[in-house]
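Asks: Chains as they are written, first to last, in the working numbering: chain F, 219 to 469; chain R, -3 to 513.
One or more hints might be untrue.
Stated by the list, open to error - Below, computed lysine-lysine pairings styled on DSS-like, alpha-carbon distance capped at 30 Å:
hint : chain 1 : residue 1 : chain 2 : residue 2
1    : R       : Lys329    : F       : Lys284
2    : F       : Lys447    : R       : Lys248
3    : F       : Lys268    : F       : Lys354
4    : R       : Lys248    : F       : Lys250
5    : F       : Lys417    : R       : Lys332
6    : F       : Lys415    : R       : Lys332
Since the hints were made in silico from the structure, they are not lab data. Computed from a predicted model, the values in this text were never measured in an experiment.
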Amino acid sequence: MKLLVAVKRVVDYNARIRVKTDQTGVELANVKMSMNPFCEIAVEEALRLKEQKIAKEVVVITVGPKSSQDTIRTALAMGADRGAHVLTDAPLLPLNIAKLLAAVAKKESASLCLLGKQAIDDDCNQTGQMLAALLKWPQATFAFKIEIDQAAQKARVTREVDGGLQTLLCGLPAVITTDLRLNQPRYATLPNIMKAKKKPIELLSPEGLGVTLIDGYKRIKVEEPAKRKGGVMVASVAELMDKLKNEAKVL
Amino acid sequence: MLAFGRWSRSACLQTILNNARGAQTAAAISRNSDYAQITDHDVAYFRDILGDRGVITDPDALQPLNKDWMGKYEGKSQLALKPQTTEQVSKILKHCNERQLAVVPQGGNTGLVGGSVPLFDEVVLATAAMNKVISFDPILGVLSCQSGCVLEQLDNHVGEQGHTMPLDLGAKGSCQIGGNVSTNAGGLRYLRYGSMHGNVTGLEVVLADGTVLDLMSTLRKDNTGYDMKQMFIGGEGTLGIITKVAIQCPAKPSSVQVTYLAVPSFQHAQKVFQKAKQHLGEILSAFEFLDHHSLIITLKNLSFIKNPLPDTQTPIYLVVETSGSNAEHDYAKLEKFLEEAYEEEIIVDGTIAQDSGQQASIWALRENISEGLRHAGAVYKYDLSLPPNDMYKLVEETRARMKHLPVTVVGYGHMGDSNLHLNLSAAKYDKEILAHIEPFVYEWTADKKGSISAEHGLGQMKPECIGYSKSEEAVQLMGKFKSLLDPNQILNPYKLLPKKNRHYKPHKDGHATAVTH
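Same shape as in the complex, but just chain F:
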């Protein structure tokens, strides 16, 4: 079985971000970038499926400018077999990504597409779902546990939903998106980091894949959320009660 895992290069989740003074976006110069944490979980799950001999090959794909390739290298260092990079400067909208991934999934004859449930920079939570619709494949999102039955060509996926856990049984090929508690990604170890340098990364383009990208929406303004007002120290319980009753009006 061939697995296609999509990864995205995003601002590191611990990095402090600042809005640009012209309010057109977020300051990205000199900010630490890393693989989207949910994508990392997807790569880890793919590697585990390979270790269980369920998957034969793990192909990692990313879409974006030249710098996006770092993320492929990281995935290869974790143990993925080869990479694919769709080089484009176009805005990374979920629909565009989904169209490109669909084209590559068909090209690679992938049996399973693994994606992170959402990217932490735009929080869209749309790409996996759109990809499944474009491919006309079943989708199991927010995966908490994945079990593949190769003989029956089915996937049993337990997903985290608001009310608890829900288990779905779907046929393969399918699209699965990962949630936080699915696994804990491994560290990339030295021998693999060095091997990764020799693993091939195929360069692709939207035109080459026969995909027309849309412009989508136009970003008008980006601004910081209103600053939180400081707390007030009170001297006694009586004062606290007074403030809760008369100022905050919650009692």
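Please arrange chain R on chain F, whose structure you already have, making use of the hints.
Replies: For chain R alone, coordinates are given in the frame of chain F:
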């Protein structure tokens, strides 16, 4: 055999033999009757200055202030004060000096040699309420603040303006900058940013008699007279109470890389260090080591710690960090260094953290070894400076020596600074165990001309051991200086200087006061 301090070494031995529980308890030292006892009049006077909020007499509230972080030392203070301003500190000390009341300055109370807790009924002067940042000059990079500011909060504050504090240690969430300065704290980035002696540009100190000594300056260079502030840096609160600090902060590196490496032996680790200096010299910001025993004890006792290399087991592991201004360049340098080291087989395996989460995870392992040991039971802690070739030899010899005892010997530390943290973990404190450790460890260290306290200081744990690393004449001069600044010996008594170098004055009222315990 060392020429100096033979008599001071036997004083150390005597103290060690006196220790019933392996901890220097009050039973081994008696309360000096030259100090007065607190009266209601004193408490009323302090309430006048500080208000009710600044005076703590409740036994429950006093308990955490009387006990040190390790739970090894416990004092019997019945009064703690929380001033908010330098003026208040001045008034408090003036009064205590006149009354001959002993005072223990206390910051975050995270010290590891019992230097920040009372032994008897000393008044605790807590700086926690003196937590205002005064200013930060982003061009000079100098931060001015009150001494009670918590290190981590200061780091966040200057971080917003593209700078970082020049020191970092596991206790950063609790320790205060005043305490860091008073103990000349070292920490994880000492290798890169150097000591407090170099980074502190100014101090405001209140002396024992209440005099406010203004040495606050944000200047990088000032050769006008003796640099008095240096005496208070590392003075452990025995020469004055630091109320303000001005400290030089370096620019925050935009690219930090953290690696965790498995090496086949300590000798190999030294080769890795040499290679690291060659390849990474200007960007190297930390070089720490831990042995397999440290790893196991930490993983076993702290569930939130992950093993970065679960499939590899070697005797020694390294945490190597680089800090620079260009991620691409730094990563390339690091890769080249690691490839070479791997090819030469001086490292067996390793990992480069791929995101900040992995970086934090690798550091969490190293920074929490102390915490892991604390959870495991009783800890005998030794902080030593040793020549690089001897560093791990001591761990191995100690381990062999303790073979027949229920003790785990672990070694970790700041390899880049030649600073070993030798720790022995036992179920509980036991004098037989202690007898096997001391004075063996101190004598071994003195023999190699090392320091018996590289960065932790002397506190109440090691004053009588000062002779292992300092000459007779040096200690005598320290005693004279102490007497000059604090003739009534009220500041942090029973600490740092050995008993014979603390020159007490009889209590003003002439008659001795009763011992309180």
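Asks: Next, verify each hint and record whether it holds.
Replies: Do the hints match the structure? See the list:
The hinted pair formed by R/Lys329 and F/Lys284 meets the criterion: a straight-line CA distance of about 21 Å does not exceed 30 Å. Of the supplied pair hints, the one linking F/Lys447 and R/Lys248 holds, its CA atoms being roughly 27 Å apart against a limit of 30 Å. For the given pair, F/Lys268 sits about 25 Å from F/Lys354 by alpha-carbon distance, which is consistent with the 30 Å threshold. Among the hinted pairs, R/Lys248 with F/Lys250 is consistent with the structure: their alpha-carbon atoms are about 13 Å apart, no more than 30 Å.
With a C-alpha separation of about 18 Å, the suggested pairing of F/Lys417 with R/Lys332 holds against the 30 Å cut-off. For the hint pairing F/Lys415 with R/Lys332, the CA-to-CA distance comes to about 12 Å; that is within 30 Å, so the pair holds.
Going through the hint list in order, the structure satisfies each hint without exception.
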